[in-house]
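Residues per chain, in single letters:
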Amino acid sequence: MKTTLKYFFLPFGVFIMLIICSSFVIAPYANPAFPYKGAGLTQRQAAAHLLSRFTYGARPGDIDAAIELGLEKWFTQQLKGDLQDNSLQLMLKNYDAINLSNSEVSKIFPNPGQILRMAIKDGVIPKDSVAQSGKKDYRQQLAGYMKQHGYRPQAELQRQLINQKILRAAYSNNQTRELLTDFWFNHFNVSLTKGQSAEFVPAYERDVIRPNVFGNFETIVLATAKSPAMLTYLDNVTSSGTPETLPQAAKPQQKRRIGAQAGMNVEDSTMRGKALAKLQQNKKVQGLNENYAREVMELHTLGVDGGYTQADVTQAARILTGWTIYPMENGYGSAVKNLIERIGEQNLEKRGFVHDGDFLFAANRHDIGEKTVLGRKFPANGGYEEGVELLKMLANHPSSAKFISRKIAVRFVNDNPSQKLVDKMSATFLKTKGDISEVLITMVSSPEFWNKEALREKTKSPFELAISAARTLNAEIGQPYQLFAWINKMGQKMYSYQAPTGFPDKGQYWINSGSLLNRMNFGLALASQRIPGIRINLTALNKNREPESAEAALMTYGKMIMPERDLSQTIDRLRPMLNDPDLQKKVEAAASKNTVAQDKETMAGETSSMMDGSKDEKVAQASVKRNQGKVQTIAGSNTMLAQVVGVILGSPEFQRK
Amino acid sequence: MISRKAFLKAGGLALFGVSMGGIPTFLAEAANLVQAPGLFKRKKILVSIFQRGAMDGLMAVTPFGDKYLQDARPGLMMSAAKSENQKPLIDLDGRFGLHPSMEAFQQMYREKRLAIVHGIGSPNNTRSHFDAQDYMESGTPFSKGTSSGWLNRAVGLLGHEATPFQAVSLTSSMPRSFYGDMPSVAINNLQDFTIQMKGNPAGTNRISQSFEDLYDQTSSGLLKQTGKDSFDAMKMLKSVDTKNYKPSNNAHYPNSALGNSLKQIAQLIKMDVGLEVAFAESGGWDTHFNQGKDTGVFARNVADLSNSIMAFWSDMEVYQEDLTVMTMTEFGRTVKQNGTGGTDHGRASCNFILGNNVNGGLVHGTVQPLAVENLEDGRDLAVTTDFRSVFSEVANRHLLINNNKVLFPGFQGKGIGVMS
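Protein chains in written order, with our numbering: chain A, 1 to 657; chain B, 1 to 420.
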């Protein structure tokens, strides 16, 4: 009976699906409708699920707000990503390095090696004192030199970069933009671990990734291809044609030098690729470098099974020869700098050069021959444009549609998304020329996003765990770097994943016996205010109402931290802990202390208002001290509460999203 | 999912049972299988040490009679002849001399348990630390996109059941060598392996128990299993006083990053927690400035390296039969000294392999006279042995891994006889 019915309704289902699909084709943005009811979810459950995937965790009140707005509308608003972020901007005001251009960064934050070389050159540091690099006065000398010239250590730049990411993730109203910034950064990964590209990472995230996260895929592919961070990270910055393929204008010496390198004696022919490698990567040696060309196909667009060959990689690399960085002060490209000075900036275009921000197409390094990639011919003398054509072709290739759609589904649905879902998304991808927003709408409008294979199936990365914990508790993040220390400890050193693959996006990668205990410890440390510079107020979260019993606290805070989840098991499991008589005694003892502390606080407030202005600062300091005391007393008074919340944050349920 | 069948052999089990009074699940499972003969055959252990920054192989193991080298390094060259004002090189075979600060290695070399490979390096001639380390650790010198590290693939090829501690890196973050699908642990300090509630021991136990229950009940298989492993492992480590560890044989570990890492690896091995692939790091090898001779920064580095390794070796006493220790570095340094009393990025370096089954007492590989025409790019010691030849041989012979296609994709070379 049941079966018959199902088949009876099947055609209707298909019909409805068709209507839904076609409605997107006609008016894609207008009226997405999320099919969560079909998956048996209430609107509130659906909101909780949607926010768990498209924010860094719901703050108190976020779910209500999304429901009020309407889930579809909430989502389209997030896809615009242009909500006001005034309070965030205020917090970011203190970070003076995060808005610097690459060129300014390279001026102000030279890497340690550069500083040392300059200091020695300027005679500030005698050559032979370098062996004492551990000594104090040596360090002082160097610090003095840096101060005098306005140089600052690169570690500071990286610290600001990390801090701003944490603050944006925790406080931006444009949560989905931040999530996608993280997603695309990881997809087009660059790393602070590579010294040469480290200084370009802040501008990379800010100018190359963040503005392009919702646009057409080809835009972000092109933007990354031309960015100093990617050009250095995957070595295209030095890639150039071989002597016979360089334009006539190239200087004969250059050709000779390259020729000599290419013809170099190779004594061990068994080492495959050695001759080629000789041409690669040595700063002094120019030649073809395939690294970027390979990874743009394998990792950025087509995917490893995308149907390209080694020959395609080599040909693509030839197309991208000459794609490099415009010279910067204290930065890259002194050779190019001389050349530009000789030619004159105004004549660059005539000579086939392209100068676009930090990017330079150096026509003199470009392989002018004919190339063929994936069966498509690129005629000789294609210049800069053939590179653009190549990248657009790759970005819009059906293999890319599949590969990118799957990767998005893995990030937002589950670790093994169904082929059906991926097919739907890649159909949209192809139809819209890789419109990322449209692909996301197709995904969220699919039942697969809402069914039980998706619900709570993703494991939070350490970053997501830390930020979601801070958000759910309305934490005041005064020292973001303290959170970074924990995130690193839990296994995600942000911006420092060495391989171009980016962090793997699957639960198995994040959850191992080395990291899991750290997750639990993080929850305990955060809830009990043991992370310096991260302040929470647990009682305020419950509108300053003290839960009447430990069990009530568990219920109240459990629901607050993990809305719309089945908490019965968690509560059953934690009941014995709450019934511990020791704990009850502590709670009572601490509660009495708390009252006293609050009285003192009131008095302090009154006193300070009577002080004259000259002592303001002192008073402020004293008040800070008292406040800290107060926070700690409150935390202490709520040992029970802090423990309950800590355990909830460290519980398996909170590791999922 | 990992099964923990083979976690323990009887010794660790007994130790654990006595101190804890309760036997964690994976140990209990193991106990049930103890009778089956052969199942608890002790596993081989490979300890890899990455010397980051590129060690000057020509100073560590110097072809001291090479007149080209003498000319190229007037300020760095040492002699094997005794002299008043500096310690001589340790003459290994009439041709190569070991740096005097590696005295600790001498006996092992004479006992043929220490092998040296000279002229080892990558077929990719990059002289960037980042790229060269990346290529060496991924094991694919021409492909940056390889998602896994060679040691992670080695773990995958071991072909038997694992414990949570099968692959452990004593580093603060996961090294590239360990990237990949096989579960591995990166931990800076074994004492972090616990539930932390400062100043509240009673609370700690209670909370710990709560977490354990929660993870035991969760519907996520991954979290449940890993939770179980984590708590079992935590109890395991708790049963041993890691803080007041007393090395065997009065072994004295240098108080250095490497010394501390190796000391903790030794503790894990002695606990029989199933460690098979361990990883540690040593830094400071990028000696562009004043690298010194018999004293100075290089001398301190090699002293730390050799003393740490030898402390570990003697601490390991009864486990030596199961152990191989191998060092590696991303490339070597220029034959010529530079203008600041140091050396710049070069090509080939040397490495050390220690173990009872090593073809020791030999300097393997090929080092030609260092005349300019024999140098790579006219400046560097030529790479004559692909690092993969040596790494794969060690993995094949010591860990009994037999799938080099997976271990080093695209590599078709053969071993060079560093293992006997």
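Derived from the structure by calculation, the hints contain no laboratory data. Please read all numbers here as calculations on a predicted model, not as lab measurements. Just so you know, even glycine gets a beta-carbon here, dropped at the ideal spot from N, CA and C. Check each hint, because a few of them may be wrong.
[As the list claims (entries may be wrong)] Over 10 angstroms on every C-beta distance to chain B, these chain A residues come out as not near it, computed from the model:
#1 96
#2 173
#3 214
#4 215
#5 374
#6 548
[What the hints assert, rightly or not] Pairs of lysine-lysine, BS3-like flavour, derived with a Cα cap of 27 angstroms:
#7 A:121 with A:147
#8 B:293 with A:559
#9 A:337 with A:377
#10 A:337 with A:452
#11 A:407 with A:392
#12 B:43 with B:405
#13 B:228 with A:452
#14 A:452 with B:224
#15 B:293 with B:67
#16 A:80 with A:337
#17 B:293 with A:121
#18 A:392 with A:431
#19 B:44 with A:136
#20 A:506 with B:243
#21 A:350 with A:337
#22 A:107 with A:121
#23 A:452 with A:377
#24 A:506 with B:293
#25 B:293 with B:43
#26 B:44 with B:293
#27 B:238 with A:506
#28 B:224 with A:559
Evaluated hints:
1. Its beta-carbon lying about 28 angstroms from the closest one in chain B, residue 96 (chain A) satisfies the requirement of being farther than 10 angstroms from that chain.
2. Even its closest Cβ contact with chain B, about 31 angstroms, leaves residue 173 (chain A) beyond 10 angstroms, as expected for a residue assigned away from the interface.
3. With a least CB separation of 26 angstroms from chain B, residue 214 (chain A) remains clear of the 10 angstroms interface cut-off, as annotated.
4. Residue-level check passed: residue 215 (chain A) sits 25 angstroms from the nearest beta carbon of chain B, beyond 10 angstroms.
5. Listed as a non-interface residue, residue 374 (chain A) keeps its Cβ farther than 10 angstroms from every Cβ of chain B; the least gap is roughly 18 angstroms.
6. Non-interface call for residue 548 (chain A) relative to chain B: holds, since the shortest CB-CB distance, roughly 21 angstroms, exceeds 10 angstroms.
7. Restraint check for residue 121 (chain A) and residue 147 (chain A): satisfied, since their Cα atoms lie roughly 17 angstroms apart, inside the 27 angstroms limit.
8. Our distance criterion of 27 angstroms between C-alpha atoms is broken by residue 293 (chain B) and residue 559 (chain A), whose separation comes to about 66 angstroms.
9. With a C-alpha separation of about 33 angstroms, the suggested pair residue 337 (chain A) and residue 377 (chain A) falls outside the 27 angstroms cut-off, and the hint is violated.
10. About 59 angstroms separates the Cα atoms of residue 337 (chain A) and residue 452 (chain A), which puts this hinted pair outside 27 angstroms; it is violated.
11. With a C-alpha separation of about 19 angstroms, the suggested pairing of residue 407 (chain A) with residue 392 (chain A) holds against the 27 angstroms cut-off.
12. Under the criterion of a C-alpha separation no larger than 27 angstroms, the hint pairing residue 43 (chain B) with residue 405 (chain B) is consistent with the structure, at around 23 angstroms.
13. Taken as a hint, the residue 228 (chain B) and residue 452 (chain A) pair is honoured in the structure, with Cα atoms around 25 angstroms apart against an allowance of 27 angstroms.
14. Annotation: proposed proximity of residue 452 (chain A) to residue 224 (chain B) holds, straight-line Cα distance about 19 angstroms (limit 27 angstroms).
15. With a CA separation close to 17 angstroms, the supplied pair residue 293 (chain B) and residue 67 (chain B) stays within the 27 angstroms bound.
16. At roughly 40 angstroms between alpha-carbon atoms, residue 80 (chain A) and residue 337 (chain A) are farther apart than 27 angstroms, so this suggested pair is violated.
17. Proposed proximity of residue 293 (chain B) and residue 121 (chain A) is supported: the alpha carbons are some 25 angstroms apart, at most 27 angstroms.
18. Under the criterion of a C-alpha separation no larger than 27 angstroms, the hint pairing residue 392 (chain A) with residue 431 (chain A) is consistent with the structure, at around 15 angstroms.
19. The straight-line distance between the Cα atoms of residue 44 (chain B) and residue 136 (chain A) is roughly 45 angstroms, outside the 27 angstroms bound, and the hint therefore fails.
20. Pair hint residue 506 (chain A) plus residue 243 (chain B) does not hold up; C-alpha atoms about 35 angstroms apart against a cutoff of 27 angstroms.
21. Only pairs whose Cα atoms come within 27 angstroms are accepted, and residue 350 (chain A) paired with residue 337 (chain A) is accepted, the gap being roughly 17 angstroms.
22. A distance of roughly 17 angstroms separates the Cα atoms of residue 107 (chain A) and residue 121 (chain A); the hinted pair therefore holds under the 27 angstroms criterion.
23. Between residue 452 (chain A) and residue 377 (chain A) the CA atoms are separated by roughly 47 angstroms; this puts the pair beyond 27 angstroms, and the hint is violated.
24. Under the criterion of a C-alpha separation no larger than 27 angstroms, the hint pairing residue 506 (chain A) with residue 293 (chain B) is inconsistent with the structure, at around 49 angstroms.
25. As the CA atoms of residue 293 (chain B) and residue 43 (chain B) are separated by approximately 41 angstroms, the hinted pair breaks the 27 angstroms bound.
26. Annotation: proposed proximity of residue 44 (chain B) to residue 293 (chain B) is violated, straight-line Cα distance about 37 angstroms (limit 27 angstroms).
27. Among the hinted pairs, residue 238 (chain B) with residue 506 (chain A) is inconsistent with the structure: their alpha-carbon atoms are about 30 angstroms apart, more than 27 angstroms.
28. Note on residue 224 (chain B) and residue 559 (chain A): the hinted pairing holds, with a Cα-Cα distance of about 22 angstroms set against a maximum of 27 angstroms.
In this structure, the earlier hints numbered 8, 9, 10, 16, 19, 20, 23, 24, 25, 26, 27 are contradicted, and the remaining ones agree with it.
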